[in-house]
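Chains as they are written, first to last, in the working numbering: chain A, 148 to 427; chain B, 500 to 805; chain C, 25 to 552.
No wet-lab data here; the hints were simulated from the structure. Treat the hints loosely; a few may be bogus.
Claimed, not checked - Calculated pairs, PhoX-like style, for lysine-lysine (alpha carbon to alpha carbon, straight line, at most 20 Å): (1) B:LYS579 x C:LYS215; (2) B:LYS551 x C:LYS344; (3) C:LYS401 x C:LYS344; (4) C:LYS502 x B:LYS551; (5) B:LYS571 x B:LYS545; (6) C:LYS167 x B:LYS545.
Claimed, not checked - Some chain B residues well away from chain A (every beta-carbon gap over 12 Å; in silico): (7) GLY515; (8) ALA539; (9) ASP541; (10) GLU549; (11) LEU562; (12) THR642; (13) ALA646; (14) THR705; (15) THR750.
Said to hold, decoys possible - Here are the in silico distance ranges between beta carbons for each label pair: (16) C:ASP234 x A:PRO186: 45 to 55 Å; (17) A:PRO186 x B:THR555: 28 to 38 Å; (18) C:THR319 x A:THR278: 53 to 63 Å; (19) A:LEU154 x B:ARG723: 29 to 39 Å; (20) B:VAL789 x A:ALA156: 40 to 50 Å; (21) C:LYS213 x B:GLN568: 55 to 65 Å; (22) A:ALA156 x B:ARG704: 50 to 60 Å; (23) C:ASP337 x A:PRO186: 24 to 34 Å; (24) B:THR555 x A:PRO172: 53 to 63 Å; (25) A:ASP277 x C:LYS530: 53 to 63 Å; (26) C:THR319 x A:LEU170: 36 to 46 Å; (27) C:GLY385 x A:PRO186: 37 to 47 Å.
Each residue gets a CB set at the ideal place from its N, CA and C atoms; glycine is no exception.
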Amino acid sequence: MKIRIFLIAFILIVGAAVIGPWLSPYGVSEVSSMRLASPSLTHWLGTDLHGRDLLTRLLYGGRISLLVGLVGASVSLLVGVAYGLTAGYLGGRIDNAMMRLVDTLYALPRIVLVIVLISLFDLKLKGFLDTTPFAFLAPHARLLLLFVALGLVEWLTLARIVRAQVLSIKERPFVLSSRLIGQTTPTILIRQILPQVFPIVLTYLTLALPAVILEESFLSFLGLGVQAPLASWGTLLADGASLLNPIHTPWWCIVFPSFALASSLLLLNFIGDQLKKDGR
Amino acid sequence: MITFIIRRLLSSIPVGVAVVVICFTLVRLAPGSPFSSERALDPVTKQMLEAKYRLTGSIPTQLFCYLSQVAKGDLGESLKYRGRSVVEIIGQSLPRSILLGSISFLISLGLGIPLGAWAAARNRDQVGSILNGLAILSLSVPTFILAPTTVLLFSFYFHLFPPAGWGEPSQLVLPAFALALPFVGVCARLVRSGLLETLGSDFIRTGRSKGLSEPKLVLLHALRPAILPLISYAGPLAAGILTGSLLIEETFAIPGVGQFFVSGVINRDVFLVSGVVLVYCAFLLFFNLVADWLTALLDPRIRLHS
Amino acid sequence: MNFCRGIPGLTGLFLFSLFLGGCTTRPRADLIICNGAEPQTLDPALVSGQLEGRLCSALLEGLLRRDARGKAVPGTAEKWTTSPDGKVYTFTLRPNLRWSNGDPLTSSDYRWSWLRALHPATASPYSEIFYFIRGAEAYHSGKSPSESVGIETPDERTLVVHLEHPTPFFPALTAFTTYLPVHQATVEKFKDGWIRPENWVGNGPYRLLDWEINDRVSLKKNPLYHTPGRVQIERIDALAVNRASTAFNLYSSDQADVLLDKGMIPSLILPELRGRSDFHPGPLLATYFYRFNVTRPPFNDVRVRRAFALAIDKEIITEKITRGNEPVAQSLTPRGIADYLPPEGLPPDPETARALLKGAGFPEGRGFPRVSLLYNKSELNEQIAVEIQAQWKRVLGVEVELRNQEWATYLRSLDTLDFDIARSSWVGDYDDPNTFLDCFVTDRGNNRTGWSNPEYDSLLTHARSEPNPARRLELLQKAETLLLTDALPIIPIYHFIGCLMFDPNKWGGLYPNLLDEHPLSEITKQTR
């Protein structure tokens, strides 16, 4: 019952982010002379240093942040589950080697990977996209790389979890019996084992989504995320943080983006909790 | 037990080597030179520097030079902070990070476990939901917002603690809490979900039917198995928290080791980055080992084998 | 079980010992300054930044030194003379000069230090600053031996320097960081490690007491300094702080007494600070500007460059973004250099800008190729870029993409001319237009635009050998006019200002000045 309310609220946020920027009379990067205006009827959530409408930017930022979260989480889901399943089921030396790789990647600071990936491939990807029919994506080349980078590191935890599950599941009678009746390994993995690990994967997904969104905000803070003048919740928060000072702080630039981020994460977590409860 | 530790240590060596190899290669692959600055460097000088630090030739050659040096226990010199060795830099800054990190680690566990237990015990009423919501909130505020807000609030509004600096115990309070807060949330959630699971299991039901009080049940019987997921999380957490955080260190002017993970890459200071990554990797492997050992200690069903 | 009970105790003990080890509370220094980021080195030959230079000048002293107003005054040299042709300088050192370890300091120490900084193996980023000396460039490139460099030491107190061309600002140049002396025996003994506090030997007003990475550099008065009476503050701590907001917080809570750099004050609050008695702004010899890559279309067309330059309203930038009352830059060289009047430059003119763009084949920006504006990520760079991007869009109808890169990648893009427009800044090394204009000579490392103009090059060459100072500045002004009103490989945006924060009732000897020189030895405690 509760879960429905949470889901509806979350869908509302997503819907506003998708449709909102179109309805807004302001452009996302439209600079005006109303700088750092406090919330009013013309600018519901106020404006930033460049006189841009905060509400429009917040809605637009929601698109990017939620998309980053979704893509990052999905990549980690696909890679993590596949990797964990394989390692856990095959076991032995292969499992050991595969897990050492996970350890290695885990010990490597993400920031190294992200910086190198972006600085090496940003322009190349942009140039490449320009020659393909996907030229409209070229300005977002960095965002695409961010997806890749986040996906590359976010699957590690999930792979560990799935592997641990598989290790215990594969010894259960029903798996052994299907092996006895001659089912192939892929069939067993997909038909028998995958459904068993599904609940925990689902719970993890609702945890990974916020993690990815936060990661993006940190990278944006370092200037490795979304490219200005576009916005994500992360860049909005980073801009807001730069306005914090002991003398005079435009509170709206921090409070509203924080609220958007926190409320979405809260909703996602509640949904995750409820899913787990229902699954039990 | 001892064979377990030895085997784990042996299997850690290839991981450490792989981490350093990948890290070194990635930083060397990144465009840009560690020696460039806003003022252009003349090519002769640049070549001299590259030769001096043995960064000429192909990346595998450079890597080989570096690894053979590391094998002798020499982590090289920083390229940005010229004239200072990586060992010296880490030697100066790591103890500070460890000091701050251990306080934060204790705060994370010390607040997180009781809060999680409380939330689990009151799962059915409002208190539980509120606590759970707070936990989520604490882990959804990015550090770059949290840290300066804490400063504004506790230094400039309430005048309780100094806003930044290093050297006085009072200067540790704000950074320690700002560093710990997100992890308090994570710990609380892990303990809560672990407890909820065990509280529903058979042996607790037996205990309850025997008439044991709820607090006694939670503290004496349920907490021990429920804490297992927390322990496996606490391994990487300890490694991360003890090696510091860029944002906390910059905001609070703490001369720790955490900033080098980022600034080192940005400056292409390859020896410094590889050095700190090696330290982090060692911490990670060590604390994972401790976590596994503790898990086995708490749960007799798990046998130690790698 | 016993073991388990012991854990809290053991943990407590462990933390306590860490506490003692990591947190040794020391007495507060007499003066605490926020100096900027962690110094990269304290070896004067290797220093390229201002914050390192400031510490170096407290620890070492050149033939001349800068005083609190940025004026070059006698340092270890008590007097100097110029030959009639202006090409030979003879410096006489003060008597009885000593290094901090008691060794006598002689003119050959200077010769050795300068040759060391010039030697290719030292890899000094500033070796060019010696090229005024005869034979220095050839020695640096390994073409001639050290004997051919025009530095002579007839006796222990005399240093004779032969220059390539008459250089009226040469004596002042000897106050520059790269010209500071180092102690030969120490450098030879400890190699790169000579800069550590335990090895340090210097001749400046202060000694290096302690240096903790990312924390602080502690300085203590040097009793062997030639005029110790000049130095008032006994111990100075220079904190390493990366962030403006943090530095400002430290200052606001009295944990730091002086902020020595505009970079240590958050620009957002500059307007609120303006009326305060502890805020001391002043002009600075530094310029923020945009570069064009003139080697590829569309910016190989001077009409397009001019259109872009005319479309910028610089007032908005200084008023709304930098907020420090910075002077808008119409020229590359800031005003304030003695006897030099920089050219007027181009005032904003949207009409002409549009017409020029149309003439170049892009009426109202139609058909304009995709170009990007490159900057390294920092709050201010990004805010300025956003603002200028919007202006170009409004005036010219051209949508310029923003492209931020982290530091090393950004520098590489500059060096390899892999950009269309890029933000840049330049800080003058000495108060002469040459320090700015020389950058844009063909193929100079700092050119970074691909721009080359024989007339410009020859104007600068002529200026170099021109003995008449007034005539020389005239030539330089002609060159700058050519650079900024005809060719426009760059658009100056604004000139930086220097800001100091200190309570004038507590501290003295600090004055805003064009070179942003604030010698620590000149700071005094006000006694009222």
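Next on the checklist: Minimum C-beta separation from THR705 (chain B) to chain A exceeding 12 Å: can you confirm that?
Outcome noted: Per Cβ check, THR705 (chain B) is outside 12 Å of chain A; nearest 20 Å; holds.
Next on the checklist: Between the alpha carbons of LYS579 (chain B) and LYS215 (chain C), is the straight-line distance 20 Å or under?
Outcome noted: holds (17 Å)
Checklist entry - If you check the beta carbons of ALA156 (chain A) and ARG704 (chain B), does the distance land in 50 to 60 Å? => result violated (35 Å)
Checklist entry - Does the claim that ALA646 (chain B) lies off the interface hold, with its Cβ farther than 12 Å from every Cβ of chain A? => result Non-interface label fails for ALA646 (chain B): nearest chain A Cβ at 9 Å, not farther than 12 Å.
Checklist entry - Does the no-contact call for ALA539 (chain B) survive, Cβ to all of chain A over 12 Å? => result holds (20 Å)
Item to check | Distance rule for ASP541 (chain B), whose beta carbon must clear each one in chain A by more than 12 Å | outcome: At about 24 Å from chain A, ASP541 (chain B) clears the 12 Å cut-off, so the statement holds.
Checklist entry - So the hint says 45 to 55 Å: do the beta-carbon atoms of ASP234 (chain C) and PRO186 (chain A) match that? => result holds (50 Å)
Item to check | Beyond 12 Å from each Cβ of chain A, as asserted for LEU562 (chain B) | outcome: Given that every Cβ of chain A is farther than 12 Å from that of LEU562 (chain B), nearest at about 15 Å, it holds.
Next on the checklist: Between the beta carbons of PRO186 (chain A) and THR555 (chain B), is the distance compatible with 28 to 38 Å?
Outcome noted: violated (59 Å)
Checklist entry - Lying within 53 to 63 Å: is that true of the beta-carbon distance THR555 (chain B) to PRO172 (chain A)? => result holds (59 Å)
Next on the checklist: The hint says 36 to 46 Å between THR319 (chain C) and LEU170 (chain A); measuring C-beta to C-beta, is that right?
Outcome noted: holds (45 Å)
Next on the checklist: Between the alpha carbons of LYS502 (chain C) and LYS551 (chain B), is the straight-line distance 20 Å or under?
Outcome noted: Between LYS502 (chain C) and LYS551 (chain B) the Cα gap is close to 43 Å, so the pair fails against 20 Å, i.e. violated.
Taken one by one, the earlier hints fail for this structure at numbers 2, 4, 5, 7, 12, 13, 15, 17, 18, 21, 22, listed in ascending order.
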